[in-house]
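Enquirer: One-letter residues, chain by chain:
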Amino acid sequence: MAISYSINELRELAERLTVVTKLPYNELTHSFFKRRLAVLYEKNAIRKTQQFISMLEEDQFIDIVNDEFAIATTELFRDPGFWRRLRRLIIESEIELDQTTKVWIPDVSSGEELYSFLILLEESGLSGQPEIMTSYISKESFKHVQEGLITTKKAETNNYNYKRFEGRDKLEAHFVKDKGRVFLKKEMFRNVKSEYGLFPSEDIEYKASIVIFRNKMLYYNKVFHERLVEQIDRNTKPGGIICLGIKETLPRCFSKRFECIDEKESIYKKYKFLTD
Amino acid sequence: MELPFKAIVIGGSAGSFSVVTKILSKLRADFPLPIVLCLHRLKHVRSGLVEGINLKSKIKVVEPTDKIKIRPGNVYLAPSNYHLFVEYDSTFSLSTEEPLNHSRPAIDYTLSSAAYVYRNKLIGILLTGANKDGAKGMKNIADKKGLTIIQDPDSCEVDTMPKSALRLFKPDKVLSPEEIVNFLNQLIV
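Protein chains in written order, with numbering that gives the first Met the number 0: chain A, 0 to 275; chain B, 0 to 188.
Treat each hint with caution, since some may be false.
As the list claims (entries may be wrong) - Derived CB-CB ranges, DEER-like:
no.	chain 1	residue 1	chain 2	residue 2	range
1	A	Ser123	B	Val61	32 to 42 Å
2	A	Glu57	B	Lys172	46 to 56 Å
3	A	Pro250	B	Val61	32 to 42 Å
4	B	Asp29	A	Asp58	52 to 62 Å
5	A	Lys178	B	Ser175	32 to 42 Å
6	B	Val188	A	Phe60	50 to 60 Å
7	B	Ile187	A	Asp58	51 to 61 Å
Claimed, not checked - A partial selection of chain B residues facing chain A, derived with a Cβ cut-off under 8 Å:
no.	residue
8	Phe30
9	Thr64
10	Pro78
11	Tyr81
12	Ser89
13	Ser92
14	Leu93
15	Thr95
16	Asn100
17	Glu156
18	Thr159
Stated by the list, open to error - Think about it this way: if two alpha-carbon atoms lie no more than 30 Å apart in a straight line, the pair counts; the simulated BS3-like pairs of lysine-lysine are:
no.	chain 1	residue 1	chain 2	residue 2
19	B	Lys68	A	Lys268
20	B	Lys68	A	Lys255
21	B	Lys42	B	Lys162
22	B	Lys120	B	Lys172
23	B	Lys68	A	Lys263
By construction, these hints were calculated from the structure, which means they are not laboratory data.
This structure is a prediction, so every number in the text was calculated from the model and none was measured.
Every residue, glycine too, gets a C-beta built ideally from N, C-alpha and C.
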C-alpha cells in the first residue's frame, strides 16, 4: 500500500538526505521527490518513514537511494537533431577540440549521453583528444558506465536515433558483446575522467569547451536552476558552449553571459569577451 | 467572474487528435481556464502535432518548456518523449523518467499531479484511446473531488481507455465530444 506523507514530512526527509549524501535533495521539485521516494519505498519494501530513516545509516543503502534518484538518459542519441548540430559545431571548428581542451558531462546516470558523445568524437576523428570530465551521484551508475555497459532493451530506439543522427558506421560497430551483455569499446574511454558528486569542488575550474547537461535541471526547482548554471558558468571557458535538454532554458539572469545559438536544440554559447 | 474551476486537464490516445481539435475549435476564444493536454504521441516526432492542433484551435496551443508558469487562457500540450507534471507553484515540470503504461508522456502522471495541486478546482477529461493509461489519473481526480468527464465509449474510435476508467470509478459525466464542448462553453456563460 502506498504511504502518504505531508509536505512537511517530505521536506524533512529531503533535508535529511541532503545532509547524509551531501547532494541537493532539498532542491528537487516536490513532485519528483515524492514520486521517486514512492518507487524507492516500494522496491525496498519500506512501510514507515522511520524505517527509511534508520536504513539511511547504512552506506550501501545510501547508494541505493542515490541510484533511484539518478534518472536514466533513456536512449543513445536522444534528439538526433541536437547531436547533428553538435557535430556540425565541432566539424566546422565553431568549437575547437584538441588535447588541450576539456568537455564536461556532469551527473552521468545511465551513460547514453557520454556514449553518444564518445561515438561522435570517434566518427569525427577526435577520439582521445579532449579530456572528458564526468561526475556521478550513484556508485552503481559509475560502475556500469566505467564498463561501458548498455542495456539491450532499447536497441531498436538506439539504432533508429543513430540513423537519424546520420552516423558514419553501423551503431553496433562501436560495441562489443561479452557473455550476452553489450559494452561500448574500451578504447573509446581513453581520456575520460570520473569523480563522485554533482559538481567539482570550489577550488577546481574545468573551463570546459563543451558542457553537456541535458535534462538534468528538470528535477530541480526553478530557484536552484540559477545555482546550477552558476556552477556550469564557472566551469565553462569563454567561447565554450553548454547544451541543455530541448525543453530546458537558461535562466534569464545569464543572458549577459551566454547567447542562445540554437533555440530549438537549446545550445548556449558563453560570450568570448568574458574574462571571468 | 469567479469560476468554480482553476484548470482543465485532458488525456487521450488513439483517435483523440480529431476530438481535441473539435473541442478546441469550438471553445470560445476567450475561454479563461488553462487547458493541459496529455496525448499519446510518437516519441521521435518532435513537431507537427502542436502545429496541427493550432490550425483548428481558437486558442493558441504551446508545448511548455520546463518550469514555465501555467497561465489562464492558454492551452499546453505535453511534449513528445517527456512526462509532464503540474507543481504546487502552478508551474510545469518535465521528466525523462521511465515510461508509464508504455507511454511517455503518461496521462496518469499528468492527471494525478494536477489532481494533487488543483483538487476540487480541476476538471479532468479522458478521451478515446487504446490502453488503460489515464484511468488511475482520473480516479485520483475523482478522489480529490475534482469534476470527471469521460468520453462516451460509443462515440470513441477506440474505447479501451474510457472503459478502463469506467471500471475503476463512477465519473460525474459520460459525454460525447459535442456534449463536452457544450459543457465547457456553458461554464463561462
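Enquirer: Out of the numbered hints, which ones does the structure contradict?
Expert: 3, 5, 8, 12, 16, 17, 18
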